[in-house]
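Chemist: First to last, the sequence lines map onto chains A and B.
So that you can map any letter, position 126 of the first sequence is 126 in our numbering, and since no number is skipped, the others follow by simple counting.
So that you can map any letter, position 101 of the second sequence is 101 in our numbering, and since no number is skipped, the others follow by simple counting.
Honestly, the hints are just simulated from the structure, not real lab data.
Since the structure is predicted, the reported quantities are computational estimates derived from the model, not experimental observations.
Where hints are given, some of them may not hold.
Given that identical chains are not distinguished, each listed pair holds provided it fits within a single copy or across any two copies.
Under the rule of at most 25 Å between Cα atoms (straight-line distance), these lysine to aspartate or glutamate pairs were calculated in the DMTMM-like manner [unchecked claim]:
{"#": "1", "residue 1": "K188", "residue 2": "D150"}
{"#": "2", "residue 1": "K13", "residue 2": "E147"}
{"#": "3", "residue 1": "K50", "residue 2": "E38"}
{"#": "4", "residue 1": "K208", "residue 2": "E193"}
{"#": "5", "residue 1": "K190", "residue 2": "D150"}
{"#": "6", "residue 1": "K50", "residue 2": "E154"}
{"#": "7", "residue 1": "K208", "residue 2": "E247"}
{"#": "8", "residue 1": "K190", "residue 2": "D200"}
{"#": "9", "residue 1": "K108", "residue 2": "E79"}
{"#": "10", "residue 1": "K248", "residue 2": "E194"}
{"#": "11", "residue 1": "K51", "residue 2": "E38"}
{"#": "12", "residue 1": "K131", "residue 2": "E147"}
{"#": "13", "residue 1": "K131", "residue 2": "E72"}
{"#": "14", "residue 1": "K86", "residue 2": "E71"}
{"#": "15", "residue 1": "K188", "residue 2": "E154"}
{"#": "16", "residue 1": "K178", "residue 2": "E107"}
{"#": "17", "residue 1": "K112", "residue 2": "E71"}
{"#": "18", "residue 1": "K112", "residue 2": "E79"}
{"#": "19", "residue 1": "K208", "residue 2": "D241"}
{"#": "20", "residue 1": "K208", "residue 2": "E154"}
{"#": "21", "residue 1": "K190", "residue 2": "E147"}
{"#": "22", "residue 1": "K218", "residue 2": "D200"}
{"#": "23", "residue 1": "K77", "residue 2": "E38"}
{"#": "24", "residue 1": "K131", "residue 2": "E71"}
{"#": "25", "residue 1": "K112", "residue 2": "E72"}
{"#": "26", "residue 1": "K276", "residue 2": "E107"}
{"#": "27", "residue 1": "K276", "residue 2": "D84"}
The chain contents come next:
Protein chains: 2
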Amino acid sequence: MTKIIDGKLVSQKILENIADEILFLEKKPSLAVIIVGEDPASKIYVNLKKKKATELGINSTVIEMHETTTEESLLNKIEELNNDEKTNAILVQLPLPKHINTTAVIEKINPKKDVDCFHPYNVGKIATNNKPYVYPCTPKGILSLLEYYDINPEGKKVVIIGRSNIVGRPIALMLLNKNATVTICHSKTKNLEEITQTADILIAAVGKTKLVTENMVKTGAVVIDVGMNRDENGKLCGDVDFSNVKEKVSFITPVPGGVGPMTICTLMHNTLELAKQQNAIN
Amino acid sequence: MTKIIDGKLVSQKILENIADEILFLEKKPSLAVIIVGEDPASKIYVNLKKKKATELGINSTVIEMHETTTEESLLNKIEELNNDEKTNAILVQLPLPKHINTTAVIEKINPKKDVDCFHPYNVGKIATNNKPYVYPCTPKGILSLLEYYDINPEGKKVVIIGRSNIVGRPIALMLLNKNATVTICHSKTKNLEEITQTADILIAAVGKTKLVTENMVKTGAVVIDVGMNRDENGKLCGDVDFSNVKEKVSFITPVPGGVGPMTICTLMHNTLELAKQQNAIN
Numbered sequence: 001m002t003k004i005i006d007g008k009l010v011s012q013k014i015l016e017n018i019a020d021e022i023l024f025l026e027k028k029p030s031l032a033v034i035i036v037g038e039d040p041a042s043k044i045y046v047n048l049k050k051k052k053a054t055e056l057g058i059n060s061t062v063i064e065m066h067e068t069t070t071e072e073s074l075l076n077k078i079e080e081l082n083n084d085e086k087t088n089a090i091l092v093q094l095p096l097p098k099h100i101n102t103t104a105v106i107e108k109i110n111p112k113k114d115v116d117c118f119h120p121y122n123v124g125k126i127a128t129n130n131k132p133y134v135y136p137c138t139p140k141g142i143l144s145l146l147e148y149y150d151i152n153p154e155g156k157k158v159v160i161i162g163r164s165n166i167v168g169r170p171i172a173l174m175l176l177n178k179n180a181t182v183t184i185c186h187s188k189t190k191n192l193e194e195i196t197q198t199a200d201i202l203i204a205a206v207g208k209t210k211l212v213t214e215n216m217v218k219t220g221a222v223v224i225d226v227g228m229n230r231d232e233n234g235k236l237c238g239d240v241d242f243s244n245v246k247e248k249v250s251f252i253t254p255v256p257g258g259v260g261p262m263t264i265c266t267l268m269h270n271t272l273e274l275a276k277q278q279n280a281i282n
Numbered sequence: 001m002t003k004i005i006d007g008k009l010v011s012q013k014i015l016e017n018i019a020d021e022i023l024f025l026e027k028k029p030s031l032a033v034i035i036v037g038e039d040p041a042s043k044i045y046v047n048l049k050k051k052k053a054t055e056l057g058i059n060s061t062v063i064e065m066h067e068t069t070t071e072e073s074l075l076n077k078i079e080e081l082n083n084d085e086k087t088n089a090i091l092v093q094l095p096l097p098k099h100i101n102t103t104a105v106i107e108k109i110n111p112k113k114d115v116d117c118f119h120p121y122n123v124g125k126i127a128t129n130n131k132p133y134v135y136p137c138t139p140k141g142i143l144s145l146l147e148y149y150d151i152n153p154e155g156k157k158v159v160i161i162g163r164s165n166i167v168g169r170p171i172a173l174m175l176l177n178k179n180a181t182v183t184i185c186h187s188k189t190k191n192l193e194e195i196t197q198t199a200d201i202l203i204a205a206v207g208k209t210k211l212v213t214e215n216m217v218k219t220g221a222v223v224i225d226v227g228m229n230r231d232e233n234g235k236l237c238g239d240v241d242f243s244n245v246k247e248k249v250s251f252i253t254p255v256p257g258g259v260g261p262m263t264i265c266t267l268m269h270n271t272l273e274l275a276k277q278q279n280a281i282n
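Only chain A is shown next, with the shape it has when bound in the complex (with noise of 0.2 Å):
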């Protein structure tokens, strides 16, 4: 019997938790979300973010800049936040206008502020099985997810389609400090469906419409689907043809409804750490 991972159900609990510790809080956490320019999509997140930080009690702030700000300015914001007691948690909103450069912004936010942790400081730290300040948002939401269903990933093989800064090398590393045996493919992988079909947990983050098709898993094996897409009827989907792998996986994520909604309320349990660490100091 396959079960269906259901992200909502498990974001709406961390999320609970989430409203109820800060209700007791007397200092409320506060994020600040940098958006440069226009970009529709960059929008749409960002207004989530704001909306779902408002419903739990976090204090949010959008800064809205110019799509010709120049990297400078965009700089000196990042250190005025930095420097801003009040602000806990700093996100810059990807992907910036391309005049400016990404990893100077990103090295710029102080790591004890990273809320995405995508400063090399804090992904150093995984790749050493250390502490970062916060752990990465969708890596973090999946480890959320199979916790929640008691898939222990300690001695099981796991392969990750994708090698992106934002979800397949951290997700790696993270589990392989839980004892994970990991492989990482990628579009230079030769003989994808071998190395797939060996996996006890597969983890697709590619961004390919039905990349995964049921003679890539292996029966029984654990799926969780990161993509998003749009299919030909310009429906929303994920990486694995879920219809077709279904039947023979023990458990797999759905799109939208699996890792999805774990992204956001990862982000926002983040706000709060940060916050916890940051006012445990002073």
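Place chain B on chain A using the hints.
Modeler: For chain B alone, coordinates are given in the frame of chain A:
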């Protein structure tokens, strides 16, 4: 026909190039090595490093601190070297006495002078497929060997046994960045030999005598042995049962004379590299 990878030869060629380059530098590169306590193996390593540096025209200073040195004095010494314009590269010989927090010490080193590439900032740069100031010595030494013997890891299946911060983890990330399909195995891995049998390139870095036997390697594979152990007769040996595996593979590193000489050679390369970076700025 199996080729024995000759680390002595390759390191010698690289060292000659380094010496040539240093000859023409106005400011000689400068390496500071801190050793705390009296560990005999550490003393031998530090002396080897100093000797090699001197041979190449690198200024090296060994700072010997007492076994009972406090963490604070060690951190202060590092701070002093961070601020010393004449010091290009800082190395703290590990292991440190137990009363000292190794992570704190590593993180105290300015990433720009982090000749071992142990600082999380630099590790995070590798993990996100960006450039650290310099790459870690043993992993970079392995890549130099592969390059010398024209073994391109792109598209190859690489299996790494061992997940240390010094070898397993960084070499996994560096080979991923070179488009290999990478699997990391370790003490919790099940069916190890099933996995190693699929490797085009097998890297053993666990420190377990004769762990890798003939049945574990694919015919024609490339085998890199990072182990440095003593066998039952006290003879230096690696993680691979060399004579047993040798006939089956296309390339193999011996122990001694394989990866070993590459580590110190890369340390010298890194010292030169950091000096060039710093002198270019000043």
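Chemist: For each hint, tell me whether it holds in the structure or not.
Modeler: How the hints compare with the structure:
1. K188 - D150: between (33 Å within a copy, 19 Å between copies)
2. K13 - E147: within (13 Å within a copy, 52 Å between copies)
3. K50 - E38: Answer is within; shortest intra-copy Cα gap is 17 Å, inter-copy 57 Å.
4. K208 - E193: within (15 Å within a copy, 32 Å between copies)
5. K190 - D150: between (32 Å within a copy, 20 Å between copies)
6. K50 - E154: Intra 36 Å, inter 43 Å, cutoff 25 Å: neither.
7. K208 - E247: Cα proximity of K208 and E247: one copy only (21 Å, versus 43 Å across).
8. K190 - D200: Classified as both; 20 Å inside a copy, 12 Å across copies.
9. K108 - E79: Both, since 7 Å and 22 Å are each at most 25 Å.
10. K248 - E194: Answer is both; intra-copy 17 Å and inter-copy 23 Å each pass.
11. K51 - E38: Classified as within; 19 Å inside a copy, 59 Å across copies.
12. K131 - E147: within (18 Å within a copy, 34 Å between copies)
13. K131 - E72: Between copies only: 22 Å across chains, 31 Å inside a chain, cut-off 25 Å.
14. K86 - E71: within (24 Å within a copy, 33 Å between copies)
15. K188 - E154: This pair counts as between: shortest inter-copy Cα distance 7 Å, intra-copy 27 Å.
16. K178 - E107: between (27 Å within a copy, 24 Å between copies)
17. K112 - E71: both (22 Å within a copy, 23 Å between copies)
18. K112 - E79: both (13 Å within a copy, 21 Å between copies)
19. K208 - D241: within (10 Å within a copy, 43 Å between copies)
20. K208 - E154: between (28 Å within a copy, 22 Å between copies)
21. K190 - E147: between (32 Å within a copy, 21 Å between copies)
22. K218 - D200: This pair counts as both: shortest intra-copy Cα distance 7 Å, inter-copy 23 Å.
23. K77 - E38: within (18 Å within a copy, 50 Å between copies)
24. K131 - E71: between (30 Å within a copy, 21 Å between copies)
25. K112 - E72: both (21 Å within a copy, 23 Å between copies)
26. K276 - E107: both (23 Å within a copy, 23 Å between copies)
27. K276 - D84: within (16 Å within a copy, 37 Å between copies)
Hint 6 from the list above is the single one not met by this structure.
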